[in-house]
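Hey, can you work out the whole structure from these sequences and the hints?
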Amino acid sequence: AQSVSQHNHHVILSEAASLELGCNYSYGGTVNLFWYVQYPGQHLQLLLKYFSGDPLVKGIKGFEAEFIKSKFSFNLRKPSVQWSDTAEYFCAVTPSGGSYIPTFGRGTSLIVHP
Amino acid sequence: DAGVTQSPTHLIKTRGQQVTLRCSPKSGHDTVSWYQQALGQGPQFIFQYYEEEERQRGNFPDRFSGHQFPNYSSELNVNALLLGDSALYLCASSPKMGRVANTGELFFGEGSRLTVL
Numbered sequence: 729a730q731s732v733s734q735h736n737h738h739v740i741l742s743e744a745a746s747l748e749l750g751c752n753y754s755y756g757g758t759v760n761l762f763w764y765v766q767y768p769g770q771h772l773q774l775l776l777k778y779f780s781g782d783p784l785v786k787g788i789k790g791f792e793a794e795f796i797k798s799k800f801s802f803n804l805r806k807p808s809v810q811w812s813d814t815a816e817y818f819c820a821v822t823p824s825g826g827s828y829i830p831t832f833g834r835g836t837s838l839i840v841h842p
Numbered sequence: 660d661a662g663v664t665q666s667p668t669h670l671i672k673t674r675g676q677q678v679t680l681r682c683s684p685k686s687g688h689d690t691v692s693w694y695q696q697a698l699g700q701g702p703q704f705i706f707q708y709y710e711e712e713e714r715q716r717g718n719f720p721d722r723f724s725g726h727q728f729p730n731y732s733s734e735l736n737v738n739a740l741l742l743g744d745s746a747l748y749l750c751a752s753s754p755k756m757g758r759v760a761n762t763g764e765l766f767f768g769e770g771s772r773l774t775v776l
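Each protein sequence line maps, in turn, to chains A and B. Just so you know, we're using this note's numbering here: the first sequence kicks off at 729 and counts up by one. Just so you know, we're using this note's numbering here: the second sequence kicks off at 660 and counts up by one.
No wet-lab data here; the hints were simulated from the structure. Since this is a predicted model, take the numbers as computed values, not measurements. Wrong hints could be hidden among the right ones.
In silico DSS-like pairs for lysine-lysine, Cα to Cα no more than 25 Å straight-line [stated by the list, open to error]: (1) A:LYS786 <-> A:LYS797; (2) B:LYS685 <-> B:LYS755; (3) B:LYS685 <-> A:LYS777; (4) A:LYS789 <-> A:LYS777; (5) B:LYS755 <-> A:LYS789; (6) A:LYS786 <-> A:LYS799; (7) A:LYS777 <-> B:LYS755; (8) A:LYS789 <-> A:LYS806; (9) A:LYS797 <-> A:LYS777.
Structure (structure tokens):
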């Protein structure tokens, strides 16, 4: 079975700072990778996903993530965060060709100070 | 276009009681998955329904059961509640696997927060 590890559980940044959230997964085969975000008081929603092709994936609101197969990693980045990026961020993985039932990491709480 | 709706939003039960949570999927979706999210943790997969049958199940005891109706809505039932069942229960919908419309994205509701005393 697959598993996901998110290294940073709590991150506090000031506006305009750069962001990188770590995500590593454990699975022996080909995977699909996701980042979901949960803004305060809102539902979980997809930020970006990787299935195949270019390992640098761009998502909504200026976020991007890079899939490094050799490191089993899918780190989320944003060059300049805004106060509105305050949220919980979840990395998730599914085996390719599987049932699209993602296994989630425990999440990273990001607080951005204005 | 209504997204995923869940009810109730909050509820309090005591140990040993039973609870039923409800979910209506996003319009056009026929597959419903349920997740449990404990405080400070990521969502944990409970089970998935489509065509009114449980198709896949996570590592949850038989006290957790579900149902899907012909209109694709779904219920999650938990019997003999334990303190450890306190969590946010999330419903997620998607088009059926294999359909072109299925992009791997899950659409989540806002959840039902269950407190067991």
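- Message: I'd like to know which numbered hints this structure contradicts. Please list them from smallest to largest.
- Response: 5
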